[in-house]
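**Student:** So you can see what is in the structure, the chains are spelled out below.
Protein chains: 4
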Amino acid sequence: MVIVMNREATEKDLETLKQAIEELGMQVHISKGEERTIVGLIGNKRNVEGFPFMSFNGVESVVHVTHPFKLASRDFHPDSTIVDVDGVQIGGGNVVVMAGPCSVENRDQLLESAFAVKEAGAQILRGGAFKPRTSPYAFNGLGEEGLKLLAEARELTGLKIVTELMDLENLDLVAKYTDIIQIGARNMQNFPLLRELGKINKPVMLKRGLSATIEEWLMAAEYVLSGGNKDVILCERGIRTFETATRNTLDLNAVPVVRRLSHLPVIVDPSHGTGVAAYVPAMSKAGIAVGSDGLMIEMHPNPAKALSDGAQSLTIPQFHALMQEIKALTAALGMRLEGRKTVAL
Amino acid sequence: MVIVMNREATEKDLETLKQAIEELGMQVHISKGEERTIVGLIGNKRNVEGFPFMSFNGVESVVHVTHPFKLASRDFHPDSTIVDVDGVQIGGGNVVVMAGPCSVENRDQLLESAFAVKEAGAQILRGGAFKPRTSPYAFNGLGEEGLKLLAEARELTGLKIVTELMDLENLDLVAKYTDIIQIGARNMQNFPLLRELGKINKPVMLKRGLSATIEEWLMAAEYVLSGGNKDVILCERGIRTFETATRNTLDLNAVPVVRRLSHLPVIVDPSHGTGVAAYVPAMSKAGIAVGSDGLMIEMHPNPAKALSDGAQSLTIPQFHALMQEIKALTAALGMRLEGRKTVAL
Amino acid sequence: MVIVMNREATEKDLETLKQAIEELGMQVHISKGEERTIVGLIGNKRNVEGFPFMSFNGVESVVHVTHPFKLASRDFHPDSTIVDVDGVQIGGGNVVVMAGPCSVENRDQLLESAFAVKEAGAQILRGGAFKPRTSPYAFNGLGEEGLKLLAEARELTGLKIVTELMDLENLDLVAKYTDIIQIGARNMQNFPLLRELGKINKPVMLKRGLSATIEEWLMAAEYVLSGGNKDVILCERGIRTFETATRNTLDLNAVPVVRRLSHLPVIVDPSHGTGVAAYVPAMSKAGIAVGSDGLMIEMHPNPAKALSDGAQSLTIPQFHALMQEIKALTAALGMRLEGRKTVAL
Amino acid sequence: MVIVMNREATEKDLETLKQAIEELGMQVHISKGEERTIVGLIGNKRNVEGFPFMSFNGVESVVHVTHPFKLASRDFHPDSTIVDVDGVQIGGGNVVVMAGPCSVENRDQLLESAFAVKEAGAQILRGGAFKPRTSPYAFNGLGEEGLKLLAEARELTGLKIVTELMDLENLDLVAKYTDIIQIGARNMQNFPLLRELGKINKPVMLKRGLSATIEEWLMAAEYVLSGGNKDVILCERGIRTFETATRNTLDLNAVPVVRRLSHLPVIVDPSHGTGVAAYVPAMSKAGIAVGSDGLMIEMHPNPAKALSDGAQSLTIPQFHALMQEIKALTAALGMRLEGRKTVAL
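Protein chains in written order, with full-length UniProt numbering: chain A, 1 to 345; chain B, 1 to 345; chain C, 1 to 345; chain D, 1 to 345.
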């Protein structure tokens, strides 16, 4: 951390600041430039996280030169983390595809989806049992009944399951059924929830918030990691920008940035990222080529009858066609499509 | 709602769409233009909220022509709502000032703040007992101890209290102590929480999410209203934009927009809106002049010792000076500063 | 400027960097922290503007601790600049109102507008003769004919004139007629144009670009100032954000930020800032209360017949009513409405 | 276009609006819904572009249901346009790579770059002779001397040339030397310049503005097309968002959106899109996989000595390695790397 003094700062201001820093257990390094005096802080920056240096006389600005996350950083953990989901490995050069309907609607819809996902060579079935909806009047999921159907689909297909948890109340319930707990974009900074997720022994997929910086996203991961749960998967799903041609702006730049800053695996969700089925294939391929650890794609047997997010769902044939392209692409890029060989079974 | 067909849409596509709409209990109104056919939907739009029209053949786009909220709209409730907080009225031409420290830190800090708030002529004391923090390592509030101190401050000063609720677990606890339950920006779309707030009998102040459109904000209010709780106060606290000179971009435009679309009172928070104490006075005055129902301002006896948000906190003298300016301003604008006459006591 | 080294940086990397910095005529100040080594640069930072430190081995990031503008900064010029427009003073505690139609359409429209502006107590007439239009098929102004009508209106009313210049070709022509040259948001970084504006002797009003940071805006002003023209007026006119309820997001936060960083006067344009006439009065009052040096407001004798921007234009009676409110407000705030006393003439 | 009436709209308001529309040569189609009356406009929408319907009594909002561009739209021109640059084809399934230094700095630097670009199998050399710089004190290009060096490099390598034009003054000069005229992001809405580009016979590469919607970008292309110049190439180069980990947010979503809306070829610039050399390879591969018509990449023989944009420039070996990956990728995707076979010559 570097503190920049303003032009009016006096020697006394500097001394007061220096004392406050030293009381926090840090050392001070002062550089007097032509226009400004700069105060460098040396020591464990976590002691000063959020300390109100801006309220000291003579301080013009506070500049952070290192990132505030530690356990999530590649500095701390140079090797890439591989999250093992009951045999399916996420991270480490694999490409994993998670697919399925936005919501679990009924047994037929889910099982038809699950077999189609399996047949196409994907490894993980997605489906929402608890749905966050902008409108209080919209369908908000089947609840435990949906979780049971997901478990049945896993039984029948061998796929792993990922589903969303919306609140602490349902943590035990969701954890009982799913293989990966998904935390949605709107809950990325639900700190009480993140704290509890740190205490369980189940992979967590943390979606990036609509307006979260990559640093904030990694700080959210830090909440889970700092509780002891090391199995965190990140998922880029689009940010909010001025552009309205797509529902969100899928930020693929985040993938190489996360790779550089963190050891955690990162998945791309082109369905929420664009909100338009027609753009999903192109963005899926880009999501692979950019070097992510996999994709999460919405697919529905009949999007025109979907109870949620039909507009962004691929049909089964569209999904199968896309998977063929993804296979060619991963091969060309020297990546391995996780579980691909077992598809023929 | 208006559905725009693409150029390739056939008569059969149009017929299929028409049937689906009629099955939803709506009527169809078709306009064939030179370039596009447009399908208007007539009837209760809530039936079709989220229906996947984009997945039908021949559909190019879906255009919403009315807002999705009902109970929050001025159409539904033409008169402005006044929320009565145990005698302090929010809305209806009053200007209410809520002030106090970001966090409740200890008894001395809170009581000194409370008396200063009272003396300056404000009506409501703010202070956080549960704090959402970006870092898992930062101070996150005193919990119930903080609530008790707030209640004591109320007892001693006669001020009303507003404090943040972060999760369902603590709903009963927080509701027991506070006069207004504050829902923070990060929880604006915590739908399970919003649903429960609809069931209680206590005013709710709903902060706008960092990247929430005004429409989404009013939909979040709709969650609370639709549960039966009519006492919702909105609070603009800055949105996330590309500009980094301020921590957030306080969006004062939201005030006249909300006025036009909704009957709910709206408060402005220049402290979080800018994140810099030096900008709070100017933005407070602008927040009054723009026609809001009041302000929420962070003030601390010693910002340089604050455990959170010191950089954006006014000192007590700065706050008192600002209140003098606000009084002159409200008078010039023909508004009434709620409780102003009692200040001299 | 501070350069942060990454963990892998070697002593040799540090030495190479140090040499490069010293070759640029700067001194080096090295702080070795627990996690990172930080290199501070001391000396005239303009020598290193844009230097590719990021391309050196071992460099993790480059952090700017001071602003890149000099002539536009309050550090360099502590007193606020007052721009004298042939007797009308902009800056220094005055509030100046510029008003008139978006485009000059014909003699009747312009003169009716001009007399209404005069009567309401404003000092400067606005009107576009050259119009930047998103569509190549839209009305793009009367050109020199429009400039002549503006000059006639000045003759008849005594108002000063502000009109937009779109390109170098018309610089002499526009400068011949107008009192203030307006540079539109889309031209804020038209660097060849800015350079030429630095060479003339005529006030320039520089609108903030739709996605320009305040720092970039001040750098654009620096272009003009560095050429020798000291009469630069800034104009905040709304930035582009995710919110679509308003055409742009008028960023009033920019006013106190500019005040702190710069000595240049700053004007607020609520018409372009919101794009909706109904929101203009509220945002105008906020624009005054926030401490700007004045307003630029679109007004049209018959907005429903306007050739451009009718949706955001006030009618003459609406403008007159607003001016009454503005007068009360400026008085309450201890500001002076420039030229108010002469209105009765 | 659809006009939504508010609840207070009277029959007389509707009649007045209807007459105004019919006077514009359009037909009116009225749908009376339960909550709102909707007025559809049928006919040539260009007549009503910018008409101030919002200023009519009783009008709540105006909703555009079709795009305002015509010549740039795929509706108008269903087949994809291929721009022939003296034998190098851009569009139509080819992948073209443009590479070279940000600025032309001197003969050695440019020729070394040009031969490296040629050897790597790219087809077009980039290099700026006129540079838009945020700071008035920064290097702003060699001017005509730079253009001459580019022409010499073309002579020696057979590569085509693309370079930026910043203003009308230099149009003839730049057009004399270059094969493609590049219009930078800051000039995307420099309408006088766009108009002139419509009158010449030379391909124009139009970069997307930092905060331009895709619709505005296509409207800028419409300016050029409407003047008669059909050879417009679009270039996505990153938009401005809240994220600061990258200099801009390269918006790859724009590629499939442009494909759907327009027939024009679209190129991706990962160098400006991210601003960080380390992220360029990943985003380049994503740019290919998403289906663009090519890439524009900054490469410099010695980025640490570059006079501009060194931080985002690849070294020659990095660029060569990336080209190998791009070749494998284009093959896997069934695309053709333009001119690849001739590289060995």
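Hints were generated in silico from the structure; no laboratory data involved. Bear in mind that the values here come from a model prediction, so they are computed numbers and not experimental data. Some hints could be false.
The list makes no distinction among identical chains, and a pair is therefore deemed to hold if it is satisfied within one copy or across any two copies.
Claimed, not checked - When the alpha-carbon atoms are kept at most 30 Å apart in a straight line, the in silico DSSO-like pairs for lysine-lysine are as follows:
| id | residue 1 | residue 2 |
| --- | --- | --- |
| 1 | LYS202 | LYS305 |
| 2 | LYS32 | LYS176 |
| 3 | LYS18 | LYS176 |
| 4 | LYS18 | LYS230 |
| 5 | LYS202 | LYS32 |
| 6 | LYS202 | LYS148 |
| 7 | LYS70 | LYS18 |
| 8 | LYS12 | LYS32 |
**Student:** Could you work out which of the previously given hints the structure breaks and list their numbers from low to high?
**Tutor:** Of the numbered hints given earlier, those the structure breaks are 1, 2, 3, 4 and 5, listed in rising order.
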